[in-house]
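Taken in order, these protein sequences are the chains called A and B.
Quick note on numbering that gives the first Met the number 0: the first sequence kicks off at 0 and runs consecutively.
Quick note on numbering that gives the first Met the number 0: the second sequence kicks off at 0 and runs consecutively.
The hints are simulated quantities; they were obtained by calculation from the structure and are not laboratory data.
Just so we're clear, the structure is a prediction, and the values are computed from it rather than from any experiment.
Worth double-checking, as some hints may not be accurate.
Chain A stretches covered by chain B per the calculated footprint, using a threshold of three residues with CB under 8 Å from any CB of chain B [unchecked claim]: (1) 84-93; (2) 106-113; (3) 131-143.
Far from chain B by the CB rule (all over 12 Å, computed), these chain A residues [to be verified]: (4) N4; (5) H19; (6) I53; (7) R123; (8) S196; (9) T265; (10) M277; (11) D305.
Backbone N, C-alpha and C fix where the C-beta goes; we use that ideal spot for every residue, glycine too.
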Amino acid sequence: MPHMNIIQAINSGLNHAMEHDKSVVVMGEDIGRFGGVFRATLGLQERFGDDRVIDTPLSEGGIIGTAIGMALNGLKPVAEIQFSDFIFPAFDQIVNEAAKMRYRSGGEWTVPMVIRTPSGGGIRGGLYHSQSPETYFAHTPGLKVVMPSNPYDAKGLLLESIEDPDPVIFFEPKRVYRAAQGEVPDEAYRIPIGKASIVREGTDLTLVSWGAMVQEATKAAEQAAEQNINCEVIDLRSLVPWDVDTVIESVQKTGRAVIVYEAPRTLGFGTEIISQIMEDAFDSLEAPIARVTGYDTPFPYTLEHDYLPLANRILPAIIETATYA
Amino acid sequence: MADSVTPIDIKSKKQEMLQFLNPDGTFVREDLPEISDDDLLELFRQIVRIRVLEDRMVKLQRQGRIGFYIGTNGEEVTHVCAAYALRDTDLIFPAYREVGPALYRGFPLQTFVDQLFGNADDNSKGRQMPNHHSGREFNLMSISSPVGTQIPQCTGSAWAAKIRGLDQVSLCFFGDGTSSEGDFHVGLNFAAVYKVPAIFVLRNNGWAISEPTTVQTATATFHVKAKAYGMPGIRVDGNDVYAMTKAVRDAAERARRGEGPTLIEAVTYRLGPHSTSDDPSKYRSQDEYDQHTHLEPLVRLRKLLQAKGLVTDESEKQIAETISTEIINAVNTAESKSRPSIDSMFEDVFADLTPSLKKQQAYARRFDT
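Excised from the complex, chain A in its bound form (with noise of 0.2 Å):
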């Protein structure tokens, strides 16, 4: 089975809708002649045209109007937005277009549609090209909000993304884009959005996490092995819909919760989990849900690793948490 990092994942899952769906169009910008500046489509436009392999004028409202205009009249559209920091101009058309035109039409006029967009910080990216806005879209009805933290994943997800009848954003996690490998098979594989994954096992803690911040779970779970606590790791895969009872059960079983997100910590998804948590398995709780988390600033240049949530933050809440009595 072919090893390959995040971008090489995506770039088969496009290459393989494309060959298979001949609605599927690919647009953004940069994307077509230069193969994208992550080079996450590269080589599609040589293999499969300037019709379908689309280079856009600079504006991501333009991309995202357009391509529900294409969606609303036959085709599947992969729009990419460069950096998901630059998405806000394409607000409207993702909140009030995308996200309602099944909704407001009755189911007449639905708008099968994929954004592709990498998020998340350090890769010394500063303000704007660092930014985790999965919050804005997943309090949006109507909109799919999947975020893939490893190779594997992320092709199984783009291709049910693709396949889904609904407007899915699909956040990549580019801090993670090349370091995340795996294998990946060559062909076709679908992952169900609302699926988490438990990427560890355990027993005395249970830490969910998405996106990039699964690598920094997993790297403070196996730190806290080392002293005897046993976390078990769940990767959420995909925010709306999220896969409430792999966490319920698992919280139901450890007793112990932490949630990690580098997102602002106000009103950051992990919130919503700690409610549903409160709602179905209070008692089995026996400390205080822990989260670990991005700050309320806007995402610094200089101190990004001081603003992320990695290990070195998420370990001793790990210990706090599963040591309370």
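Once you have looked at the hints, place chain B on chain A.
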């Protein structure tokens, strides 16, 4: 192209405008685009229908029986003739003020009224305010409230037709105020760069709620904006069935020939308020209004058709009475229908209910009265 001067430029600047039919029903020029007498009569009938419908619906709103209505009094030709000039297979992206294409294409009056009431038979399940119809069967896009969002979508739809090799044009409507939105720039720019078969119909009706066109643009007209995008822009008398039909026909032919998009500025006037929630006496003069009542589209079409012997006061009355009866029946039927089910509130967020939506649906049922 145009050899006449507009009598209805609200800024009183002389601007070239394509025009065939004078306000008194005589012709400005003789090289008329082909519109058969039958078609003229049908266009007339459609406009009368829309007038009567609006009159009844506004009364209904005043009586508190529907929540809201957006009229199109005086602007009917801009959208009725656009639908007439297109093929039924062409996609239309209306804003909330263009009811013409729906009625012209046969969208059932009952479904239209059911939507105003938001009852269980509304095909969008009571989810939107009045005047926000969806008509997939008639190639009519679902209507949004935020202005301008349909412009880049229309571009994308036309682009899809080009990529898929369909012989199909996409047309969108929007008002003069909407030309200030970013989506106007974006939609026209993308369309011109990729030469997609799209038609952009800007209804310049003089007002965006309380703001006159001078608040929207520093240019004397709107059609000149097309030049900067690299597409033809044409300014037409939007109250003239011949001018409007010709402009859309020409644009559609260009689009079908692969020559790309066109911007049409249809000059008209909003005789009514923005909506039933608006009171124009607060911001515009009676004088201005009075001037425009002489220029409105029904008057001149009536004069022409009467001169041609196609319409009499009596036959017009009959058209109005027929639609009036249809409306009364549709309203009575709509009022007797139940509201949408609580369950339906959770449908169509996605193709299938997520586990979380299923739980919320079950919870909401407990409070169903």
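Violating hint indices (sorted, rising): The structure breaks only hint 6.
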